Amino acid sequence: MLRNPLYAAAGAILLWASLATLGALTKNLPPFFVVGVSLCIGSLLALPRVREWKVPVKTLAVGLYGLFGYHFLLFFAFRHAPAMEANLINYLWPLLIVLLAPLIVPGTQLMRRHIIGGLLGFVGAGLIVSGGRLAFDATSGFGYGLAVAAAIVWSTYSLLTKRLPPFPTGAVGGFCLLSGLLALACHALFEPATQPTTGQWLSLIGLGVGPMGGAFFLWDRAMKGGDPRQIGALSYTTPMLSTLLLVASGQGQLTPLTGVAIGLILGGALLGTVDRRLLKSLSRRTV
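Numbered according to the working numbering, the sequence shown spans residues 1 to 287.
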């Protein structure tokens with residue numbers, strides 16, 4: 001068990017970083033099919049705690065709002081807007097967690113360093129996601145709006161877990177299962193039938209155990225027990241780690257721009273997550 005919420009957040013981020021690498025192995029499969037199967041597999045991680053899946057209707061509604069609503073909006077954003085630009089807009093969610101925390105989580109104050117850290121992280125994430133090449137298309141406004149909506153949904157879901165009556169993390173298994181079934185229903189409605197290969201099924205299992213399953217349980221533990229301002233700043237390391245993993249697997253390459261982006265992300269993460277007293281202590285030592 002990870003008692004420190006930042007460790008749990010880091011675990012979720014590490015698992016999410018593998019999403020691009022594993023997702024590349026299932027890129028020929030319909031997106032809603034991939035999401036649906038992965039979430040259903042992810043729900044099995046909490047099967048030993050199935051009794052914890054019974055939660056109040058309000059809690060269940062928030063869980064479906066987050067897990068299903070986010071993926072539904074994001075995949076339709078990719079259908080109506082260029083993927084690179086839509087994905088960049090989607091990465092507003094860590095910054096929104098930082099900015100919306102005082103509005104949703106009682107007793108949370110927004111410091112200047114949290115805002116600066118979040119902005120640095122967003123710029124760094126933007127450089128990695130776009131490679132410095134963006135071309136926003138006025139005709140894709142609807143798709144961009146869906147991407148903004150997806151970012152709002154994930155950030156508010158993450159923060160609302162701190163406002164709901166206490167519920168066990170095992171209940172996330174129920175959120176995953178129902179969201180997965182809804183995604184499979186969308187697959188049946190909007191996508192052609194598919195027959196995954198053995199290798200693709202193994203990748204789907206990997207997705208369900210990792211970024212589309214286990215990560216959600218760690219994220220729930222992190223958001224309930226941690227400081228959302230710190231976790232939001234730390235979350236911008238996701239695209240950086242994802243890029244490094246793609247490079248390590250031979251599916252990407254590092255460029256000078258990537259180095260600049262990594263520096264911005266790490267600087268923003270440190271500024272937003274390191275304890276204020278430690279920052280003051282370090283500043284005194286350098287004087």
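One or more of the hints may lead you astray.
[To be verified] What follows is a list of derived Cβ distance ranges for each label pair: (1) Leu-64 <-> Met-111: 19 to 27 Å; (2) Arg-163 <-> Gly-259: 36 to 44 Å; (3) Gln-109 <-> Leu-25: 38 to 46 Å; (4) Gln-109 <-> Thr-197: 36 to 44 Å.
Since the hints were derived computationally from the structure, they do not count as laboratory data.
Predicted model only: the values in this text are computed from it and were never measured.
Backbone N, C-alpha and C define an ideal beta-carbon position, used for all residues, glycine too.
Taking the hints in turn, this is what the structure says about them:
1. Hint check: Leu-64 to Met-111, Cβ distance near 33 Å, so the stated range 19 to 27 Å is violated.
2. A C-beta distance of roughly 40 Å is found between Arg-163 and Gly-259, which places it inside the suggested range of 36 to 44 Å.
3. About 44 Å separates the C-beta atoms of Gln-109 and Leu-25, a value consistent with the hinted range of 38 to 46 Å.
4. Judged by the Cβ atoms, the range 36 to 44 Å given for Gln-109 and Thr-197 is violated: they are separated by roughly 52 Å.
Of the numbered hints stated above, those contradicted by the structure are hints 1, 4, listed in ascending order.
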